[in-house]
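*Asks:* So the chains spell out like this:
There are 2 protein chains.
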Amino acid sequence: MKARVHITLKNGVLDPQGKAIQHALGALGFSGVEDVRQGKYIELDLLESDPTAIRENVEEMCKKLLSNMVIENYTIDIE
Amino acid sequence: MKARVHITLKNGVLDPQGKAIQHALGALGFSGVEDVRQGKYIELDLLESDPTAIRENVEEMCKKLLSNMVIENYTIDIE
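Protein sequences, first through last, are from chains A and Z. Once you know that position 34 of the first sequence is 34 in this note's numbering, the rest is easy, because the numbers rise by one and skip nothing. Once you know that position 45 of the second sequence is 145 in this note's numbering, the rest is easy, because the numbers rise by one and skip nothing.
For the record, the hints were derived by calculation from the structure and aren't laboratory data. All residues carry an ideal CB built from backbone N, CA and C; glycine is no exception.
Taking beta-carbon pairs under 8 Å as the criterion, some of the chain A residues facing chain Z (in silico):
no. : residue
1   : H6
2   : L28
3   : D35
4   : E43
5   : N57
6   : M61
Below, simulated DSSO-like cross-link-like pairs (lysine-lysine); rule was C-alpha separation at most 27 Å, straight line:
no. : chain 1 : residue 1 : chain 2 : residue 2
7   : A       : K19       : Z       : K102
8   : A       : K63       : Z       : K140
9   : A       : K19       : Z       : K164
10  : A       : K10       : A       : K63
11  : A       : K40       : Z       : K102
12  : Z       : K102      : A       : K10
13  : Z       : K110      : A       : K2
14  : A       : K19       : Z       : K163
15  : Z       : K119      : A       : K63
16  : Z       : K119      : A       : K2
17  : A       : K19       : Z       : K140
The following block holds chain A by itself, in its conformation from the complex:
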């Protein structure tokens, strides 16, 4: 099965990469862009087929490796 993980910066954490994109869009003539936030998107192909077990497993992966819990949030979608 597939697990899709989104890792985003917590509210209040400065996102210089997002700001750079916002400014670049402005310079290219795109107006009306109020805010840009950039995060990571990770697709995992897993042998396991039980969604509950997968969720537990992937949460563990997020805590141990994929995200920095101090400044980042993660969401997990399984399909």
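Fit chain Z to the given chain A structure using the hints.
*Replies:* Showing chain Z alone in chain A's frame:
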């Protein structure tokens, strides 16, 4: 309104970052991880409120700045 953009590598394009994650997960004792692909996730806050106009606009942004059309695909979700 918000637009969420996912930028992923096209099939067949090597993903060293994904491979690094896969190996690190293996080293941490997570088994059964068959493949990992890493992409980018961008959230845009836009003043515009017409979904059709937003989609056109964001597609233009993807083509001009956000993605590299040679090796990357993009998907746009609007809400």
